[in-house]
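Peer 1: Listed below, chain by chain, are the residues.
Protein chains: 2
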Amino acid sequence: MTEDTTTAEKSADTKVTEAQSAALALANLSESARNEALHAIADGIEARSEEILEANAKDVEAGEEMLEAGEYTQAFVDRLKLSESKLESIAAMVRSVAGQEDPLGRTLEARRLDEDLELYKVAVPIGVLGTVFESRPDALVQIAALSLKSGNAVVLKGGSEAAHSNRILYEVIREATADVPDGWAQLIEAREDVATLLERDDAVDLLMPRGSSEFVSYVEDNTKIPVLGHTEGICHVYADEDADLSMAADVAFDAKVQYPAVCNAVETLLVHESVAADLLPDLAARYREADVELRGDERARDIVEMNAASEADWSTEYGDLILAVKIVDSLEDAIDHVNTYGSKHTESIVTETADHAERFMRQIDAASVFHNASTRFADGYRFGLGAEVGISTGKTHARGPVGLEGLTTYKYHLEGDGQLVATYAGEGAKPFLHEDFAGEWSPGRLSTE
Amino acid sequence: MTEDTTTAEKSADTKVTEAQSAALALANLSESARNEALHAIADGIEARSEEILEANAKDVEAGEEMLEAGEYTQAFVDRLKLSESKLESIAAMVRSVAGQEDPLGRTLEARRLDEDLELYKVAVPIGVLGTVFESRPDALVQIAALSLKSGNAVVLKGGSEAAHSNRILYEVIREATADVPDGWAQLIEAREDVATLLERDDAVDLLMPRGSSEFVSYVEDNTKIPVLGHTEGICHVYADEDADLSMAADVAFDAKVQYPAVCNAVETLLVHESVAADLLPDLAARYREADVELRGDERARDIVEMNAASEADWSTEYGDLILAVKIVDSLEDAIDHVNTYGSKHTESIVTETADHAERFMRQIDAASVFHNASTRFADGYRFGLGAEVGISTGKTHARGPVGLEGLTTYKYHLEGDGQLVATYAGEGAKPFLHEDFAGEWSPGRLSTE
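Going down the list, the sequences are from chains A and X.
Be aware that the first sequence starts at 1, since it is given in UniProt numbering, and climbs by one per residue.
Be aware that the second sequence starts at 1, since it is given in UniProt numbering, and climbs by one per residue.
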């Protein structure tokens with residue numbers, strides 16, 4: 001049908017090298033060309049929905065056999081399964097990525113170093129992204145769309161359980177983006193290919209692993225390439241002595257129950273000892289009604305009957321309807337607990353006292369620190385970052401929820417008219433102006449043409 | 001004298017852990033406290049100059065023995081040597097770091113997610129920096145000053161040839177910063193301690209190795225910690241067919257001769273074939289006068305007598321008065337050559353044609369791309385970034401010359417009045433506002449206090 005049918009025969013090394021070659025040309029593709037290509041992907045998904053659903057049916061069939069064998073959960077098979085309406089929403093997602101503001105080409109800073117010597121810091125793509133993601137066919141399309149929008153070439157590795165779906169979706173994307181520099185998106189399938197990908201620090205500029213914390217840690221342990229990902233989400237809500245207790249109960253409930261499987265859900269509730277007796281009984285009843293298992297320290301268990309928390313509970317990401325509860329003597333104890341056991345993801349204090357909020361937010365080392373709001377707000381969409389690329393628990397490059405900007409870097413453009421450093425050095429050196437100004441880079445604006 | 005005398009007995013592991021403990025408190029030290037501590041360091045260096053010079057004399061003496069034995073160069077020993085005036089300029093450098101704008105606490109973005117739900121992105125320190133640097137006693141003071149200004153704890157490892165100087169300078173810094181959270185700066189000395197440092201990804205957030213490209217590569221190969229450094233500086237000047245030839249000659253001369261030992265000096269001159277015969281003879285004569293050895297491809301040697309360049313020359317960072325010269329047939333050939341052999345550091349085109357400049361600057365993948373200016377401008381000071389922390393050839397976090405901003409990350413602060421995600425999800429979800437506004441985070445500004 002197309003050259004994509006040879007995909008399986010090319011080595012992962014070759015594919016990474018092809019992505020690297022495509023990246024330079026892709027970096028300069030106009031915004032309109034990138035957006036047109038994204039619309040073509042969306043159209044292609046709709047036009048070829050029958051084929052896609054047929055391929056997906058093979059994955060789902062295999063998944064259901066594994067479900068019967070007790071290997072997979074129903075939720076896993078549900079995530080694997082595509083439908084006409086799901087394909088429509090995937091196409092809509094791609095069109096919405098096309099509609100996002102262009103992350104490329106913006107002049108981030110402009111500075112006049114001297115008369116007719118102008119420095120511009122311009123947003124550009126990072127280059128080649130290496131991605132490994134879970135067995136959801138929509139993940140492949142989403143990651144390809146975000147990469148294309150941000151002008152990055154991408155190597156895609158999906159879960160093997162979605163192999164048939166991934167192959168047809170990749171083919172649709174390749175066909176729809178025939179005008180994009182050839183090789184910009186590459187599909188790898190074998191587990192060994194991931195090892196190859198991790199070794200190619202000469203060609204891959206950023207890795208984006210998704211999936212379990214263990215997998216992200218494995219990636220970090222086995223590559224020199226920078227990794228954008230989050231390893232754990234051990235988030236806390238702290239009900240301060242000066243909390244509005246009804247607000248504290250609502251925030252703590254929302255943070256656990258609204259969607260317990262995600263990384264920004266709360267895992268440990270910290271309660272100041274002076275309000276514990278007022279807060280806990282009603283809140284525990286609400287949790288019980290929502291099937292939340294509570295595991296408390298001794299003082300919490302003195303107030304409400306619940307299971308006993310062990311030391312391991314303070315550093316466990318349940319990702320489930322389980323909540324650890326601890327009574328603390330002071331704001332300082334709460335801060336210490338979070339800095340000791342937290343994963344630097346998202347931490348929330350409920351208090352009416354501004355000074356307490358300030359100390360909590362300043363003294364805790366986490367990507368997101370909240371005052372009187374649910375930890376579940378830590379999310380690219382809710383933060384208004386547009387499409388979410390991922391969440392990072394790293395402290396360099398990008399931190400917390402990451403939008404398309406996280407897939408960009410910058411280049412310094414200097415426009416001169418023949419300036420030499422010798423003029424600005426040594427005895428009688430000419431001083432620099434170093435004046436920031438509002439301006440966009442326009443190539444050769446100082447040249448004589 | 002102080003507890004510093006026990007420094008040598010503590011293990012590197014303990015020191016890294018102490019830095020980690022100090023980092024949290026240091027992150028919240030006020031700007032005035034950080035600046036006062038910097039001034040105290042400068043004062044301490046001046047007040048204890050005799051002791052410092054005595055200690056330095058031991059290093060210099062040992063260095064001179066090695067010089068006589070032919071192990072060290074005179075330049076190496078010169079860099080090792082301190083003097084009253086050099087100490088004064090080191091103290092002045094520390095005061096100038098104190099005078100820089102505070103890189104911390106700035107609100108980088110403010111966005112209203114909804115009424116009374118405000119998100120602030122605030123600049124904060126990265127945490128713990130691990131630094132390994134060359135045998136220049138001034139390097140220790142500079143790195144400690146930059147770390148303190150940016151609120152980061154730091155582990156310092158200097159060259160063993162400067163051990164006596166480093167010890168006394170470290171002691172002066174420790175004494176002068178008694179009001180800074182204890183343990184914020186740590187000195188490690190043994191080569192094995194570097195291995196320990198590289199393993200502590202649990203505690204160290206960013207590594208800044210300085211020295212040879214080989215050493216930086218070694219660090220990258222042996223750690224999971226993000227690395228800020230540059231491995232090579234293979235920079236080009238391209239004299240286009242539409243170049244002002246007198247400008248091209250001046251830029252190419254400055255880029256090589258003004259300071260050949262540094263990473264932003266040019267290593268290969270590319271010349272369009274149509275101007276080579278006009279440009280090269282005079283320029284070669286100027287280079288010869290400045291003792292520059294030229295190594296040309298065949299066509300360059302047809303025009304001017306020079307040594308022959310081998311394939312290896314195109315990818316060699318000379319750091320010396322040697323320049324490779326290549327004739328190219330087109331702008332595209334020049335771009336291809338740079339993308340093949342360059343190190344993504346700094347590239348310059350000399351041309352009067354804006355479109356040629358644009359293509360060169362857009363299609364070359366490098367941190368800095370210049371039009372009609374010497375590559376030697378690629379430098380934090382000249383770029384107006386204030387104190388230069390380093391130059392990065394990486395593409396994530398920071399790229400090109402890096403100022404104090406490169407030692408910061410950010411935290412998201414969310415101020416609410418009890419908002420729940422359940423309100424904004426599912427059927428009848430409340431829409432977000434997502435309005436950017438100009439505002440600084442002020443803790444608890446929405447709280448009822």
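Be aware that one or more of the hints could be misleading.
Which copy? The list can't say, so a pair holds if one copy fits it or any two copies do.
Stated by the list, open to error - Derived lysine to any residue pairs resembling SDA-like cross-links, with alpha carbons at most 20 Å apart:
id, residue 1, residue 2
1, K224, S213
2, K86, F215
3, K224, D201
4, K224, T196
5, K121, G384
6, K430, A123
7, K58, V262
8, K86, D379
9, K224, D436
10, K58, S330
11, K430, A33
Think of the hints as simulated: they come from the structure by calculation, not from any bench.
Quick caveat, the model's predicted, so the values are computed rather than measured.
Peer 1: Take the hints in turn and mark each one as holding or not.
Peer 2: Cross-check of the supplied hints:
Taking CA atoms no more than 20 Å apart as the test, K224 paired with S213 passes in both settings, with 18 Å inside one copy and 16 Å between copies. With identical chains, the CA atoms of K86 and F215 are never at most 20 Å apart, being 27 Å at best within one copy and 52 Å at best between copies. Proximity of K224 and D201 under a CA criterion of 20 Å is satisfied in both settings, with 6 Å inside one chain copy and 13 Å between copies. Proximity of K224 to T196 under the C-alpha cut-off of 20 Å is found in both arrangements, the shortest distances being 12 Å within a copy and 18 Å between copies.
Proximity of K121 to G384 under the C-alpha cut-off of 20 Å is restricted to the inter-copy arrangement: shortest distance 12 Å between copies versus 24 Å within a copy. In the homo-oligomer, the alpha carbons of K430 and A123 never lie at most 20 Å apart, since the shortest distance is 30 Å inside one protomer and 34 Å across protomers. Taking identical chains as interchangeable, the C-alpha atoms of K58 and V262 are never at most 20 Å apart, the minima being 29 Å within one chain and 60 Å between chains. Taking the shortest alpha-carbon separations for K86 and D379, neither the intra-copy value of 22 Å nor the inter-copy value of 51 Å comes in at or below 20 Å.
Taking identical chains as interchangeable, the C-alpha atoms of K224 and D436 are never at most 20 Å apart, the minima being 36 Å within one chain and 37 Å between chains. In this homomeric assembly, K58 and S330 never come within 20 Å of each other (Cα to Cα): the closest approach is 57 Å inside a single copy and 53 Å across copies. For a Cα distance limit of 20 Å, the shortest separation of K430 from A33 qualifies neither inside one copy, at 45 Å, nor across copies, at 35 Å.
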